[in-house]
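Kindly produce the complete structure, drawing on both the sequences and the hints.
Listed below, chain by chain, are the residues.
Protein chains: 2
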Amino acid sequence: MMLRRVLAATGVPTHSCCMIPGVRILSSHYSRTSLIRTLSTMTTKKLIFAKHFDGEPKPSDFKLVEEKIPALKNGEVQFEALFISVDPYMRPVSVGKPLGHKMFGAQVARVVESKHPNYKKGDNVVGYMGWETHPICNPDTLESPFGALEKPLVLPDFKKLPLSLALGVLGMPGNTAFFGLTELCQPKAGETVCISGAAGAVGSLVGQIAKNLGCKVVGIANKKEKLDWLTSLGFDVVIDYKEEDVDKRLTEKVPQGIDCYFDNVGGEMSSTVLSHMNMFGRVAVCGAIAGYNAKTPPLAPMVQSAIVMNQLRLEGFFVQRWLGRWNEGILKNMGWVQEGKLQFREFVTEGFEKLPEALIGTMRGDAVGKALVKV
Amino acid sequence: MMLRRVLAATGVPTHSCCMIPGVRILSSHYSRTSLIRTLSTMTTKKLIFAKHFDGEPKPSDFKLVEEKIPALKNGEVQFEALFISVDPYMRPVSVGKPLGHKMFGAQVARVVESKHPNYKKGDNVVGYMGWETHPICNPDTLESPFGALEKPLVLPDFKKLPLSLALGVLGMPGNTAFFGLTELCQPKAGETVCISGAAGAVGSLVGQIAKNLGCKVVGIANKKEKLDWLTSLGFDVVIDYKEEDVDKRLTEKVPQGIDCYFDNVGGEMSSTVLSHMNMFGRVAVCGAIAGYNAKTPPLAPMVQSAIVMNQLRLEGFFVQRWLGRWNEGILKNMGWVQEGKLQFREFVTEGFEKLPEALIGTMRGDAVGKALVKV
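Protein sequence lines correspond, in order, to chains A and B.
Mind the numbering: the first sequence is residues 0 to 374 in numbering that gives the first Met the number 0, read in order.
Mind the numbering: the second sequence is residues 0 to 374 in numbering that gives the first Met the number 0, read in order.
It is possible that part of the hints are untrue.
Claimed, not checked - With a straight-line Cα cutoff of 20 Å, these simulated EDC-like cross-link-like pairs (lysine to aspartate or glutamate) come out: (1) A/K294 - B/D246; (2) A/K294 - B/E267; (3) B/K159 - B/E345; (4) A/K340 - A/E327; (5) A/K223 - A/E242; (6) A/K252 - A/E242; (7) B/K210 - B/D235; (8) B/K294 - A/D246; (9) B/K101 - B/E55; (10) B/K294 - A/E267; (11) A/K119 - A/D139; (12) B/K340 - B/D235.
Claimed, not checked - Now the stretches of chain B that chain A is said to cover, found in silico as 3 or more residues with beta-carbon under 8 Å: (13) 260 to 273; (14) 279 to 287.
Note that these hints are calculated values from the structure, not bench results.
Where a beta carbon is used, it is the ideal one built from N, C-alpha and C, also for glycine.
Right under this line is the structure:
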């Protein structure tokens, strides 16, 4: 277990650009904010795993530690966290992570100092630096929570848009929607795209992108408030899977059949959707929420008959396969955001120390839109 | 309903190359046989749908008719049937076909006379001319049993191999195995390929082709006799899905995981296989036998968790998508057959009139290997 260490000043010059832990941020325009690091605050805060989760995560499963920021070595970069993401995937992925280590996860950060040729002071990045206010890392050896090497990405100029969007519509969820839809579903104008989990951070973007590409869009979600929101976003048909018979509604409202299916759910609902697909239909399998809480996969009507009879193609994916094209997706989505053609919601909690409760709340379904913490 | 008509001679010269109905064929080397059409036998025999099937097909569901062969029009080709295929797919596909019409299906035939620029006398073809001894058709408007236009294909030179293979290893089953495996599974040498329905006409070829490509091969089938045959063909691991626990056997015998899965079965077995697949595994969904007899799809453990977690790609297919490359597959398989690297079995019944009972027997499971009738 690491010890909480509050260490003395180390002689870093006062003009170095770094956030002062504990000091309230006065402006959300980080790109124009220059905060001053003082000699007395050369520390970084981390939230570490104190206990393995048992059921729902609890605040006592985390421990806050404060450490001296060490001197930067060659190849390393010193960051200042601006926004940290909280996501439901953190719960299953935490299984097997060692106690005493920093909680993993993505953050938007500013480069404070760099001894790496590809990062320069003032760059804004998004990367898996974890739950820490002033992380140092060697970008070439940084691992994602999924165990692969993944360098922090230098963000393009966000112009007047908030940098927090790098965790949402201009980040992983946005690229998951963009690449999953355009690369795996390959929708053509006039085709019909169906989305399960349609009111989620990814699903709501998929539907809007499909509309932007000239498709008819069918969204499946639950609760009137969410369905109304989807309708306001331009979805052509919305179905409440808890209140309505999905099979019957698809027969009635989508007689032309479904060409593309962006699946966040799996299980019985997906068996129903697959049975409504047209010849050569394409399915991007992004998530399988229907199976996340079960120890063994739940039963559902077998899917292979529909797959053969209509020559369907299904593909599961992590968005990381398009890391080499990351900014292509970001810039495309940014264009639509700027034109008002891609709406998003953020659910922001303020304060680094609130990360555990923000995660717990998100897993309880408190968040509407992308959940994140402003450091 | 058509009438049985035996008509007088029509003055066709006696040197025209056509088979005499009812005359016993003395040689199986059709490519070298020249049969003489006589003036008194200018008729063609057909087997037509007399009754819709109710459960298992019965001989009385078919009716034999004999008709005068009409004069050939421009664009038409006159064929002489050599071998006619009987396949289980005929039972489900017959639903909804009109009474009084000729039974559909593939045959190997010789061109007797042609008024079509792409077919010349003596060409051997395979095509959906149905259950008829001397069919005439316009290749440009010929429909497959699946409702698409599909011209008869001129066969390449089979050399010393029997033309009947154009209905098996050098025809649809062979190309289903070849293209399904190489195009959709894309196996690399050293990878592990699993096949369900491995002892079938297609599955047994898939396994051998995978071995020829340098893969490890796992075959799932039922009955010791079939499993022993698969072992003799070079399959590395065989599993009896009725006698053994497939999940446990895969864990024990295939610890390296499965990279490619050629699925003829679907359902619960396939859910198990998918859970043993490696990252970026590829699945060719060729059939879904597990669901063929059920009115609604049987339940099976949901597949989407495995699809997402290992980024699997599944694709259902009909082999007809590679019609434009048909002879490429035929020639590749022919090369392996000639080298002794692709074994096959045929189950031949002699006599055009025996077609109904050959079909009934095949559907009862009498056939070992590809079932067909020698006309």
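Against the structure, the hints:
A C-alpha spacing of about 16 Å is found between A/K294 and B/D246, which places the hinted pair at or below 20 Å, so the restraint holds. Annotation: proposed proximity of A/K294 to B/E267 holds, straight-line Cα distance about 17 Å (limit 20 Å). At roughly 16 Å between alpha-carbon atoms, B/K159 and B/E345 fall within 20 Å of each other, so this suggested pair holds. Among the hinted pairs, A/K340 with A/E327 is consistent with the structure: their alpha-carbon atoms are about 17 Å apart, no more than 20 Å.
Simply put, A/K223 and A/E242 have alpha-carbon atoms about 10 Å apart, close enough for the 20 Å limit, and the pair holds. For a cut-off of 20 Å, the pair hint linking A/K252 to A/E242 stands: about 16 Å separates their Cα positions. For the suggested pair B/K210 and B/D235, the alpha carbons sit about 9 Å apart, so the restraint of at most 20 Å is met. For a cut-off of 20 Å, the pair hint linking B/K294 to A/D246 stands: about 16 Å separates their Cα positions.
Restraint check for B/K101 and B/E55: satisfied, since their Cα atoms lie roughly 19 Å apart, inside the 20 Å limit. Under the criterion of a C-alpha separation no larger than 20 Å, the hint pairing B/K294 with A/E267 is consistent with the structure, at around 17 Å. Taking the CA atoms of A/K119 and A/D139, the gap is about 15 Å. The hint holds against a cut of 20 Å. Distance restraint check for B/K340 and B/D235: the Cα-Cα separation of roughly 15 Å lies within the 20 Å cut-off, and the hinted pair is therefore satisfied.
Taking a C-beta to C-beta cut-off of 8 Å, the segment 260 to 273 of chain B contributes 7 residues in contact with chain A, enough for the three needed, and the coverage statement holds. Given as covered by chain A, the segment 279 to 287 of chain B passes the check, having 4 residues with a CB less than 8 Å from a CB of that chain where 3 are the minimum.
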